[in-house]
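Visitor: Model the placement of chains S, E and P on the given structure of chain B, informed by the hints.
Protein chains: 4
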Amino acid sequence: MVSFKNDYSEGAHPRILDALFRSNFEQTEGYGGDPYSIKAAGQLKQWIGRNDIDIHFLTGGTQTNLIALSAFLRPHEAIIAPNTGHILVHETGAIEATGHKIISVEVSDGKLNSTHIETVLAMHTDEHMVKPKLVFISNPTEIGSIYTKEDLEQISRVCTMKNLFLYVDGARLGSALSSLENDVEITDLARLADAFYIGGTKNGALIGEALVICRDALKEDFRFHMKQKGALLAKGRLLGIQFLELFTDNLYFDLAKHANAMAALLKNAIADSGYSFLTHSPTNQIFPILPNWLITTLQEKYSFYIWSKIDDDHSVIRLVTSWATKEESIEAFIKDLKTVAEQRTDQ
Amino acid sequence: MVSFKNDYSEGAHPRILDALFRSNFEQTEGYGGDPYSIKAAGQLKQWIGRNDIDIHFLTGGTQTNLIALSAFLRPHEAIIAPNTGHILVHETGAIEATGHKIISVEVSDGKLNSTHIETVLAMHTDEHMVKPKLVFISNPTEIGSIYTKEDLEQISRVCTMKNLFLYVDGARLGSALSSLENDVEITDLARLADAFYIGGTKNGALIGEALVICRDALKEDFRFHMKQKGALLAKGRLLGIQFLELFTDNLYFDLAKHANAMAALLKNAIADSGYSFLTHSPTNQIFPILPNWLITTLQEKYSFYIWSKIDDDHSVIRLVTSWATKEESIEAFIKDLKTVAEQRTDQ
Amino acid sequence: MVSFKNDYSEGAHPRILDALFRSNFEQTEGYGGDPYSIKAAGQLKQWIGRNDIDIHFLTGGTQTNLIALSAFLRPHEAIIAPNTGHILVHETGAIEATGHKIISVEVSDGKLNSTHIETVLAMHTDEHMVKPKLVFISNPTEIGSIYTKEDLEQISRVCTMKNLFLYVDGARLGSALSSLENDVEITDLARLADAFYIGGTKNGALIGEALVICRDALKEDFRFHMKQKGALLAKGRLLGIQFLELFTDNLYFDLAKHANAMAALLKNAIADSGYSFLTHSPTNQIFPILPNWLITTLQEKYSFYIWSKIDDDHSVIRLVTSWATKEESIEAFIKDLKTVAEQRTDQ
Amino acid sequence: MVSFKNDYSEGAHPRILDALFRSNFEQTEGYGGDPYSIKAAGQLKQWIGRNDIDIHFLTGGTQTNLIALSAFLRPHEAIIAPNTGHILVHETGAIEATGHKIISVEVSDGKLNSTHIETVLAMHTDEHMVKPKLVFISNPTEIGSIYTKEDLEQISRVCTMKNLFLYVDGARLGSALSSLENDVEITDLARLADAFYIGGTKNGALIGEALVICRDALKEDFRFHMKQKGALLAKGRLLGIQFLELFTDNLYFDLAKHANAMAALLKNAIADSGYSFLTHSPTNQIFPILPNWLITTLQEKYSFYIWSKIDDDHSVIRLVTSWATKEESIEAFIKDLKTVAEQRTDQ
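Chains B, S, E and P, in that order, are what the protein sequence lines are. Quick note: the first sequence uses the working numbering, first residue 1, plus one each step. Quick note: the second sequence uses the working numbering, first residue 1, plus one each step. Quick note: the third sequence uses the working numbering, first residue 1, plus one each step. Quick note: the fourth sequence uses the working numbering, first residue 1, plus one each step.
With the rest of the complex left out, here is chain B (with noise of 0.2 Å):
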């Protein structure tokens, strides 16, 4: 059976596999004091081209979030997020069990803006309520969608203004920037945002995200945090090696256009049946709008997710593509897709 259900579904790309192979008996101080570490965050510095940020690589995305949000956050400061964040919902109170409140805003296409932010302040008045302090956005969203420079541009512009914290949760960031659709360059997003992530794990990894903390206030003693939260590896070089091969040669955008054109070539055919989708998703995560006799059908032979439930006859299902996923699986998704449908309709 072939699986829509995720992008961690394989191993890693085999560069990487081959890159932990070629460095396997060198003796290397521990920690991310290693010199895979140290010149993968000299890589990425590059890319975003700039030298006044920090990178620390971490094993996941719940990880890296709870690490950095408490970390950059005092104990009666929360955090503003929209209802369909990550750490809202998937993330069994991660947050929360580091002391801060969530504050949830309701969205309709997994984007917070400005206008959000604004009525959580004014709602936000005295010592009797948390006080708001960090933005947390995901780019792309949960529900696949991404944001504008504009979009981007506007948020940060009141966190300026209001005196917040800008988070972007990149877990599947490499689909973001690689999106056909998308106009944010990765120096835009370190000058918008105080800190955000570059997801691996989703992205050809066996596992690593790199956390790049732009703001000279949050960069204190990052590494204490990650000690004392269990995140710091004893072979961190697992993880340098895995980002320096990544972005070595463009690897990690041609991974995530290849996912992207895979999620492309499955939105445009269910679009061709005639079916709708919960939001526009230019990434690699689509949520098609299926009866769900079709459901039904397409489950015997893959496997994804049913997202939620629209009405008696319909659900919304989660279709991911990865790295690794094959044009012929697309090819026959669709396939069956088509001739089901079709058949139906003779019915």
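Watch out, some of these pointers could steer you wrong.
[Said to hold, decoys possible] Quick partial rundown of chain S residues pointing at chain P, CB under 7 Å, derived from the structure:
id : residue
1  : T92
2  : G93
3  : E96
4  : K101
[Said to hold, decoys possible] Far from chain B, some chain E residues (derived; all Cβ distances over 12 Å):
id : residue
5  : D109
6  : Y275
7  : S315
Calculated directly from the structure, the hints in this document are not laboratory data. A virtual CB, placed ideally from N, CA and C, is assigned to each residue, including glycine.
Guide: Using the frame of chain B, we list chains S, E and P on its own:
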């Protein structure tokens, strides 16, 4: 320069990398639901001889300690640990960061005993003090010594009597169990401890520890705690594949025996040269007390940690061997040690 | 200026101050071990009709909520509460600061029901989300409504079936139990809830809430949690003496009835004048919807909170009465309201 | 039976109760916004001779310590304290429960010095250990000794040099400042410490401590932390009224002087009888070392704590005097002590 700084200077044992390669393109469930993790857990249960235990794979020792201890304890409950305990010294307050106090007991050989525990209990009598609830020990200890079966029986007895949990940090458990002086079987450990972990990172894995929970009351909902603390890897297979390989054909023990043998060679040579040790260590870490001039000379060709100062002229150094330590490196070190020592005697 | 801002604008009922005076020079044990606290607890148990409950005296509602909830829950367990719940709105993230997420349920009348609870449970299915474990309600609610016995029976039923704890915030419990519309006996509350508290601060005490723990599993070591959170008063007698007096000769209920009666006078007069209310409140807080011009005029002589905006011309205000509210203040307010309203009609 | 167990056995000084009575029916703002709290803060600022300090009223020592320390520190920062420190011994891990480690320093007289601090700093060098950031001392110490001005100057110097905060627990500050051996002015304390608190509960108040924050960087948003930890009393006036009275007409110091004088009488008589003391105490707590038979006899008429065991025949007891201690009780105790001692000598 040859490093005796630690047992995580290299990558992984080649068989582990091979196993990652072989499985790379298989699509599996995420978060440890993959067949490798499931099989690895089953294999460990078989080795331990118990089906009624839970196995969880995590990425490092600090992470394992902090998640297990905070999951096991209620907010007012505290931990009793020897003052050398890793959680007291080198985990950046990770346990306290989860809200729990660690009661430190001064010991000389790294080992806690039942008298220590009873003394602590006698001093904690009411709600103005924390309630001691869990005994933390490491086997081998952080200074290389090991617990005998009788040691563990005694500790376990007082724990049972006083309703305390017994937790064993096994970052280097392979080295303890493979030590020539060891009389503890893994079945003893599982019978006497409520939970313990089997260290992979320091014995040939790229990354990974296997937490074993033996007491029923501590098992419930453990995966929630893992996710909440950022420890549930999307590609959980990375850990399962490694442990599966480590516990196939005795690899885990072969590696530990090699590390121990290399340390024994060093230890005997150093003792032959007339030097003494901080404590008796039959495992892969030894702590010779050397004159400072000798240390300085050795540092020209070998890297290692200076552990502590003895007097103005002598210090304790830590020499760590591993599965990857080459016998020729040991021979070279011994030869250099003897040469330098003789030269000095001549003068 | 007369204040209808809250029910804690004055000091304490004179009988309470007298009781403090009478006992002042007696030497007693500290930390609640004094004879007054012990006697007050016994008296409450008698009123509640149960000997198998634990009573603890604390200094305020937020303190009581945060200590009880964090003592009752394991780290990954969450709370279900209506969106108006005090813990969600006006406690500065006190619950999240202890590590627990609160799942907010949108309600219109301040009241949670069993369907709400089941809906939340249906959405929380695995370890990627928190585990709902405790239902938080307030009686009366933060907007003055009360739960009927049948309401509580239904909630309790789903809690029992789904293994959830039921906790009732009784900051104004006296007002609920004394309401003319109330059909809940204190014995019902103790039978249906696992824990609740009896508010003193808002019903005549200088300071103090009495937490009642009904479920055995939640009782153990509770005083440790109180001490750890800074709530064990050296002069614990301050709380015991007050509760002893409040529950002597029905004082607690006489005070609550007076507050309710004063609110009813206000409510009837406002309704007579043709205005409606945010919700139905048979307790000591009412929330009339008034035209803004009327609010502005009333603010010249009376202080109260503007609760929320309805439209450009109307707002909800909150009027709170208490044991100390004078009937002449109510009459004056009513007279002013009618005069102002008539003048406006004339124009 | 007369109690020398502590200085919080009685209620409040009558002038305090009178002040509560006088103000009882006045309607005031809640949460410390009342005129009494505001006036009391102003009065304290005047006494301290500084307008640029913040004053907050809290209900007890543990509460004050835990809120201040957790507000002042980032998650990885730790506290240095003498092993006798109240936060280390008798606060049920309240500080650790907020996530911070306390580094204990062994001292004999309850007092920390600059060498202790420098030794701790020398051992904490990287992110594998916590970062020491705040020095906690108590004046008087938990065993009755006091810091001289020179002591505080030295500690403050190392704190300034090493960028540490200095915090002084003043649960019995009145007794220290009123001691015949004291040379520390309140202005010295405010100059040398970054924050300290002025204890009310143990010097005549019903309840209450006044936290003084001197360093600008520690002031921001402090009321949020108070509310989040359940310390913002609805009837905040209860604290303001008491402090206003305590610092009117020198009441606070008169009470402390009385307590000290009573302790001095006890101390001199015990010394006259040939007994020695655990440490030198010029304040209201003394710790004589007595033969066990004498202790047993005294316990028939007086209650006090047995502090620690010296040998099989001798123990240290703690005798505490207060504003409420009657001179006749002291005389009776002394007479009984001498009588018993003589009888024994006769035999």
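Visitor: Tell me, in ascending order, the numbers of any earlier hints that this structure violates.
Guide: No numbers; nothing is violated.
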